[in-house]
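Enquirer: Chain by chain, the residues run as shown.
Protein chains: 2
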Amino acid sequence: MRLSRKVVAFVRAARVAHLATADGAGQPHVIPICFVLDGEEILSPIDEKPKQNPPRGLKRLRNIGENPKIALLIDRYEEDWRKLAYVLVIGTAKVLLRGKRHERAIGLLRRKYPQYRSMALQKRPIIRISPTRAVSWAFSKAN
Amino acid sequence: MRLSRKVVAFVRAARVAHLATADGAGQPHVIPICFVLDGEEILSPIDEKPKQNPPRGLKRLRNIGENPKIALLIDRYEEDWRKLAYVLVIGTAKVLLRGKRHERAIGLLRRKYPQYRSMALQKRPIIRISPTRAVSWAFSKAN
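Chains as they are written, first to last, in our numbering: chain A, 4 to 146; chain B, 4 to 146.
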């Protein structure tokens with residue numbers, strides 16, 4: 004997967020992405036996620052946000068267990084549609100529970116999101132996405 | 004499907020949603036869409052935006068043809084995570100090519116998005132989503 008420098012900058016700058024999974028019966032699911040790009044991988048925590056309510060965040064974990072195929076979208080919406088843009092990543096996901104990569108992901112996430120510095124991410128799963136291809140699109144080529 | 008007045012207001016106010024589909028092999032796909040809520044249905048056009056590039060927008064139509072199950076997310080991201088919120092709609096999608104509902108959808112879309120007033124939506128498909136259930140979530144109950 005080769006992304007242009009411009010696309011990588013767009014992905015790195017995004018604060019939120021949308022992760023689509025599907026269960027074994029082909030029912031899609033989509034959720035906003037926080038993430039970091041680390042080389043060619045994308046890492047996203049199951050954080051404390053869902054604790055306020057029943058753990059719906061776990062649906063994505065169940066889906067990944069049944070079917071590791073995912074799609075991840077990073078996009079920009081503006082009322083001036085000439086500024087619309089997105090990057091769609093197709094790949095597979097795996098759940099990390101501990102280990103070096105898990106630890107490294109937490110460091111990167113805390114660097115990007117100060118909000119995570121006070122959350123106990125160590126004990127929480129990290130979703131590791133391995134992209135197989137990416138498509139980038141912009142309404143206007145100038146943007 | 005019963006949505007609270009607050010949830011309906013949140014969905015109506017949103018300018019963009021994220022539509023997840025999956026193909027017959029369970030590969031998810033997700034794309035930003037413009038939409039209107041009409042009673043219990045959600046309507047979204049295949050508009051002229053993708054014309055600038057090869058018609059990737061058609062992937063969602065192919066997926067719906069293979070598998071009508073969809074998920075649609077309307078969410079709000081803010082750096083103050085107490086303001087995070089989303090509504091996740093699970094349902095099925097159908098593609099409308101013409102007819103009364105198609106015509107009505109175009110009128111509603113043009114009312115919501117002035118950008119559509121100069122686009123020839125009449126000749127383009129409309130995706131009609133029939134929700135079967137919806138889940139709403141907010142990080143903070145106060146928001």
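Note that these hints are calculated values from the structure, not bench results. Predicted model, so just to flag it, every value in this text is computed and none were measured. Don't take each hint at face value.
Which copy is meant is left open, so a pair is good if it fits within one copy or across any two.
To be verified - Derived lysine to aspartate or glutamate pairs resembling DMTMM-like cross-links, with alpha carbons at most 25 Å apart:
id, residue 1, residue 2
1, Lys115, Asp78
2, Lys103, Asp83
3, Lys126, Asp83
4, Lys126, Glu44
5, Lys86, Glu106
6, Lys115, Asp83
Enquirer: Could you figure out if Lys115 and Asp78 sit no more than 25 Å apart (CA to CA) within one copy, between two copies, both or neither?
Expert: For Lys115 and Asp78, the Cα distance is within 25 Å both inside one copy (18 Å) and across copies (21 Å).
Enquirer: Between the shortest in-copy and the shortest cross-copy C-alpha distance, which are at most 25 Å for Lys126 and Glu44: within, between, both, or neither?
Expert: Close inside one copy (21 Å), not across copies (40 Å); limit 25 Å.
Enquirer: Within a copy, between copies, both or neither: which one fits Lys86 and Glu106 at a CA-CA cutoff of 25 Å?
Expert: neither (36 Å within a copy, 28 Å between copies)
Enquirer: Between copies, within a copy, both or neither: which fits Lys115 and Asp83 at Cα up to 25 Å?
Expert: Intra 28 Å, inter 14 Å, cutoff 25 Å: inter-copy only.
Enquirer: Between Lys126 and Asp83, at a C-alpha cutoff of 25 Å, which is it: within one copy, between copies, both, or neither?
Expert: Only across copies: Lys126 and Asp83 sit 23 Å apart there, 42 Å inside one copy, limit 25 Å.
Enquirer: Can you give me the call for Lys103 and Asp83, within, between, both or neither, at a CA distance of at most 25 Å?
Expert: neither (43 Å within a copy, 30 Å between copies)
Hints 2, 5, counting from the list given before, are not met by this structure.
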